[in-house]
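Trainee: Chain residues, written in single-letter form:
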Amino acid sequence: MTAIAFTQILLNGLALGAAYALIALGFVIVLNAAGAVNFAQGELVMAGGFVSIAVAPLIGEATALPGLLLLPLVMGLMGLMGAGFAWIAYFPVRKRHQVAVFVSTIAAGLVLQHLANALFGAAPRAGPPLISGNGLTVGALSISLQQIAVMVCAAVLISGTGLFLGRTQTGRQMRAVAQDPEMAAAIGIRPKRMITLSFALAIALAGAAGLLLSNQFFVSPNDGGLFMLKAYIAVTIGGWGRLDGAVIGALLIGIFETLVAALTSYLVAEALLYALLLIMLVFRPSGLLPERARARV
Amino acid sequence: MAVRNLTLHVAPGEIVALIGLNGAGKSSLLRAAMGLETLTDGEILFRDQSLSGTDTPDRARLGIGYCPEGRRLFPGMSVSDTLHAAMQAPHADRLKRIAELGALFPLLGTILDRESWSLSGGQQQVVAIARALMQNPDILLLDEPSLGLAPVICQELFPAIRRLADDGAAVLLAEQSTATALAVADRVAVLHRGTLVLTEAVATLSHDRLKTILLSEGEQR
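If you read the sequences in order, they're chains A and B.
Using numbering that gives the first Met the number 0, the letters of the first sequence correspond one by one to residues 0 to 296.
Using numbering that gives the first Met the number 0, the letters of the second sequence correspond one by one to residues 0 to 220.
To be clear, the hints were calculated from the coordinates, so they are not data collected in a lab.
Every residue gets a Cβ at the ideal spot worked out from N, C-alpha and C, and that includes glycine.
Among these hints, one or two may not hold up.
To be verified - Below, computed lysine to aspartate or glutamate pairings styled on EDC-like, alpha-carbon distance capped at 16 angstroms: (1) K94/A - E181/A; (2) K191/A - D54/B; (3) K191/A - D57/B.
Said to hold, decoys possible - Chain B is nowhere near these chain A residues, computed Cβ spacing over 10 angstroms in every case: (4) P56; (5) I87; (6) V102; (7) F119; (8) L277; (9) I278.
Based on the sequences and whatever the hints tell you, model everything.
Mentor: So, in structure tokens, the structure goes:
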């Protein structure tokens, strides 16, 4: 493989990994806020893809508005869906056994899957592009405008999420609730409100990922499981519960998948990725960036 | 531990030391006052108003500060973020309040950027009390602040708690370390198996009587 081919694959992998990072970020935000895995995260990415397809005509060619405006629109709609998701699939069962939350999110995911099937059909559909054009060519390297837009949007959303959670008062309060909801309530924070916001943010990010992935990779109602697995692997590789770990894990997955698929085939790349997951679980279960100690006296 | 037949009043500027053996009901009482335990009977009043129907966040916003046993800081958050999160006010007011608390606990200013999990026990306790004080509460509920701390740290911490009361705050101080509590308290309340068995001003308290009560508690166990 030449250096140029390698760089090309690296760019493609980064674009894919950037979209995966949004899925993994949402996965970790809900994991931290609710203390439970949202098994519907993948279906919510798929839903984001279909919501993009549904709303694209509203601001696309008909109104001559740029496709980039789709992103805030889709994220807003998915954020509302996220808040509803928290109140339907999480709050009613959160005080029961943890398995109840798992089952509830799985059920909600299946509802979304069947709903997408009924509304859009089972065949893969292409999502709207964020931006149209031929792309950039530097020497033998070429990158499409869509890929650039995916990387830029993902970078903006990832850093924006980091700044929001790290620097704003609402973000601090969301983190406090994620770490100890009872203690957060005892200092005047409303845990339910913060958990609802966490779901809204996480699912808005899932929606963004759905939009970013659906143009290049298409979207079909059965894609949820695959997205969910990617998020799970990213978080396991990066470090359970760590936002930065999730992003690093997702970027590594994107690059790994693209590189191995280019050298062998997509199926081999997938198989090796799951093998990598098993190796991580056995030899470094805490991931590349282990979660910080819970307490120290 | 269920707490029964208990009437206890804490006045502004007063420190009431709540003492008793492990399991006497001290923590349960403080948690109930904060709304973290549900009352099956009875009532908790704050500024002569019943707190029934007032949830925990609203109790904190009304002016009840709570520092739990074991500190329970947010391990992945910096001290600065922890303090900011604990006050519902504009940014400038939060900074002003952190500066005021820095004057009360000089150590605070040196650890603002540290993450809570990396702090020593004494540092954690200072942050936990400062967090409870961010909203400038009228009453501070302190649960075992001396637990696990070196005596030298307690010697710095408890005078600061006294200064808080001298500035007008009511303090309900649950402590196992009787001597430490009595050194700063105005009144003492002894709990035994969820029942109040003694309340008396520290100034008039017979230490022999207190010792007898505490020893008899131990023997009954």
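Trainee: Now, for every hint given, state plainly whether the structure supports it.
Mentor: Do the hints match the structure? See the list:
no. : hint           : in the structure
1   : K94/A - E181/A : 13 angstroms, holds
2   : K191/A - D54/B : 12 angstroms, holds
3   : K191/A - D57/B : 13 angstroms, holds
4   : P56            : 43 angstroms, holds
5   : I87            : 23 angstroms, holds
6   : V102           : 28 angstroms, holds
7   : F119           : 40 angstroms, holds
8   : L277           : 28 angstroms, holds
9   : I278           : 27 angstroms, holds
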